[in-house]
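Those protein sequences? They're chains A and S, same order as listed.
Okay, so the first sequence: first residue is -5 according to the numbering used here, each after it adds one.
Okay, so the second sequence: first residue is -5 according to the numbering used here, each after it adds one.
Some clues are possibly wrong.
In this list, chains with the same sequence are indistinguishable; a pair is considered to hold if it fits within one copy or across any two.
[As the list claims (entries may be wrong)] Calculated lysine-lysine pairs in the DSSO-like style (CA-CA distance at most 30 Å, straight line):
hint, residue 1, residue 2
1, Lys45, Lys348
2, Lys45, Lys274
3, Lys348, Lys274
4, Lys348, Lys242
5, Lys242, Lys45
6, Lys274, Lys242
In short, the hints are calculated from the structure, not lab data.
For reference, the chains in residue letters:
Number of protein chains: 2
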Amino acid sequence: MKPDDTDLAEMQQPDAAAIPGMDGDGSHEEPRMSEAEEARAERLDEDDRLKPEFVEAVREALVDEHGDVRDLVEPLHPADIADLFEILPREDRPALARGISDLMSGEVISELNDYVRDDLLESLPPDAIAEIAEQLETDDAVALIEDMGAREQAAVLAEMELEDRAAIESALSFPEESAGRLMQRDLVAVPEHITVGDLIDYMRDNGDLTTEFWEVFVVDPAHRPVGTCQLSWILRCPRAIPISDIMKREQTLLPADMDQEEVALRFQKYALISAAVVDKAGRLIGQVTADDIVHIIQEEANEDTLLLSGAGEGDINEPIRTSYSQRVRWLVANLGTALVASLIIAAFGAAIEKLVALAVLMPVVASIGGNAGTQTMAVSVRALAMNQLTRSNTRRVIWREMRVALLNGVTVAALIGGATAMIFTPMLGVVIASAVVINIITAGMAGVLVPVIFDRLDQDPAVASSVFVTMITDSMGFFAFLGLAVASGLVG
Amino acid sequence: MKPDDTDLAEMQQPDAAAIPGMDGDGSHEEPRMSEAEEARAERLDEDDRLKPEFVEAVREALVDEHGDVRDLVEPLHPADIADLFEILPREDRPALARGISDLMSGEVISELNDYVRDDLLESLPPDAIAEIAEQLETDDAVALIEDMGAREQAAVLAEMELEDRAAIESALSFPEESAGRLMQRDLVAVPEHITVGDLIDYMRDNGDLTTEFWEVFVVDPAHRPVGTCQLSWILRCPRAIPISDIMKREQTLLPADMDQEEVALRFQKYALISAAVVDKAGRLIGQVTADDIVHIIQEEANEDTLLLSGAGEGDINEPIRTSYSQRVRWLVANLGTALVASLIIAAFGAAIEKLVALAVLMPVVASIGGNAGTQTMAVSVRALAMNQLTRSNTRRVIWREMRVALLNGVTVAALIGGATAMIFTPMLGVVIASAVVINIITAGMAGVLVPVIFDRLDQDPAVASSVFVTMITDSMGFFAFLGLAVASGLVG
């Protein structure tokens, strides 16, 4: 049976929504909400966040012996259940897990924040964890157990079925945060010579195939990828067409040991939906899909913000001692750099005693320089991460930042110099204006060079650039201002 | 014909690569590279960046009358050609565009950085731009012309075919950075009552259908979405099964005016590959796919880093005057906040004149506080962006940050206090230690509260939090240290 064209609407046209026949049964209903939508609307606000009243209701149900927390939580999507766990205070989480045990699907577990999840898992025996892991795709199962201690990991793996266990052990053999850990091993791979019809029949006949795929990978006899084929192309071709006629030969292959940040960049650059992961011999061993990459990109981009500010992983769910140890090291490093600045000030102690206005104004010069340095540094770190700042254009970018710095410096110097000249003396105005220009230009230079040097040394530029740039701008700020004040004879 | 099972390999098993039959023709070839791969390897380094030597070769070919730049560039992927434009100095770009005019596909154009693209387009007449826009999907075409002046935009639209023009005009009617601008209008929508067989026949018969889809949307007679169906499900079901039996009713609908940041969060939270965009009446008007979202997530996450540092859009390709105007405003704001700190110092001028050690040490207290404030602020801004910090847990997060601040404060205070006591006087050590603890705790409080307050006021917390937090930590640093020095009788 060939369907009537008017029954099938394809929206190439802006007004396709009004295709005749789609309104065929004449029912011009008002927009209505399904029951599930209504239940969701009661629980989530317009920004898709759980409403405080709902969270409160759950907490009350948890303490009330007759409260049925399961009824409250049941309409939520697994991702929202995971959010609920994160928002609840730590002490309420085990009670919630008990109250909704049948809703604790693998999907909920894999959506949980790492810290919240590990915390919950600690209360579970290995066989319960193994049972959860078996429900998950390989990549999620790996994420579940990769942070466990070796002994606990072994105990969980021992409880798993051989097949799942082998898959996880193999994934764990790849480096952390690599394509090999990210990939799922379930995929559909076919030889070049089959036809569209063969492929469809094969898929219809094999009920245990994965459904999580968006492309079919075409492989040679040695199982090396030779092309990919979007499902939409397969659906649109007559049965007799060979797969090799419709596949795309050019494809992005991900070596299993490629870092996940690189994987994410490839997905972004080439707008991929899925990509093949290959082993050292070039054989297809898994696939990475765009929905997993979305998490990675968010993670990596946030990582840079947090690293730049010295906040470590910066997760509000991490244990206090982790936050403390990650942050305090940068504060101590900052203490060291601040002491360098103090030494410079101390060298000019006599000048300050004579002219206390120097002490009043010197933090301004340092602060403006620090701010300008942070701006340039953020731009450079991002450009490095996005592969936009490379050896080919480093000099051009530095020259660009110098010109921006000069413009910024002159503007800010005019303002602070003018104000200082009016309130104190014209000479002090000239001194502070010159110091500001010098410091902003220094900041621009340091803001590009420090991250670039870290990158050339194969260090993550987001990690330590901040400390160095601040040290440079603080020291230069105090030195230029106090030095010029002395050199100009102001405190002579 | 039913294919032989051994011909079709599906990799559920870790060792599936060795499935018998796949090696059937006995050819154990060594891994080899195709010609295209070789050409790429010559041009790109292992991090997928264009090699400096290649970029240099292109520049030489551009000045050499006999150089054939097209031969050099031809093996590159469109995304790499776009990278090449970005890496070349501005003055070389028009020559490259002329030299490879037949390679300047819509894909290259849509991958170009906004500034580089607008710059190139300025040299083209409206009909040439219209021709490029017509090659693109609606969302890319909209991105191409949305930043043009009204008059140029009208000129380009006037040159386009009616159909494409209507699609773009309709997209432009939605707010900037909304789902309506992001969506593509080409999709496949079908009524509930058809079968898998009907759908496949329909797609085979309609050659002009889009191929860029991963799910089929099922709609009711009023064209409102009632469910979605992954292509893999369709491929695996017998022809007689009704679509309504295999579709998933629960789906994430995106209102056309939803902000792209919210859209990206939905894709991430619910691990979507594509999602339906609906108008105010709930009718399906387009789809957003994960490959587009990958860009948005990167953009939005970077935006926060750059905004926090006051670097505006922070693109190394933006014109210098844009960088200048975006950055100088924050430097001027910073000047204002630095002056508040100066006023506080000025109030203690007499004390500093008597004890110049105060001037030497006071920047340390302010700097440590600023650093601690930035750490907490980065964590809070991220948690707000990820919907992890909500009304339900604000108080808990503040309490958490207070405890981290106390630990950090005590550690840093012990170090600086001890050193000061040894070098200067024990009393000055006590004073600076107390000031550091006070300032780090203040920083922790401000680092959470300032972003949360901006968020409650519906302002982007990444934009202005930095200025306020720095002002608070600078002022409190100087005030606590100098005030305690006076109160303790140190400067008699």
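The hints, checked one at a time:
{"no.": "1", "hint": "Lys45 / Lys348", "in the structure": "neither (61 Å within a copy, 57 Å between copies)"}
{"no.": "2", "hint": "Lys45 / Lys274", "in the structure": "between (49 Å within a copy, 24 Å between copies)"}
{"no.": "3", "hint": "Lys348 / Lys274", "in the structure": "neither (70 Å within a copy, 71 Å between copies)"}
{"no.": "4", "hint": "Lys348 / Lys242", "in the structure": "neither (77 Å within a copy, 79 Å between copies)"}
{"no.": "5", "hint": "Lys242 / Lys45", "in the structure": "between (47 Å within a copy, 26 Å between copies)"}
{"no.": "6", "hint": "Lys274 / Lys242", "in the structure": "within (23 Å within a copy, 39 Å between copies)"}
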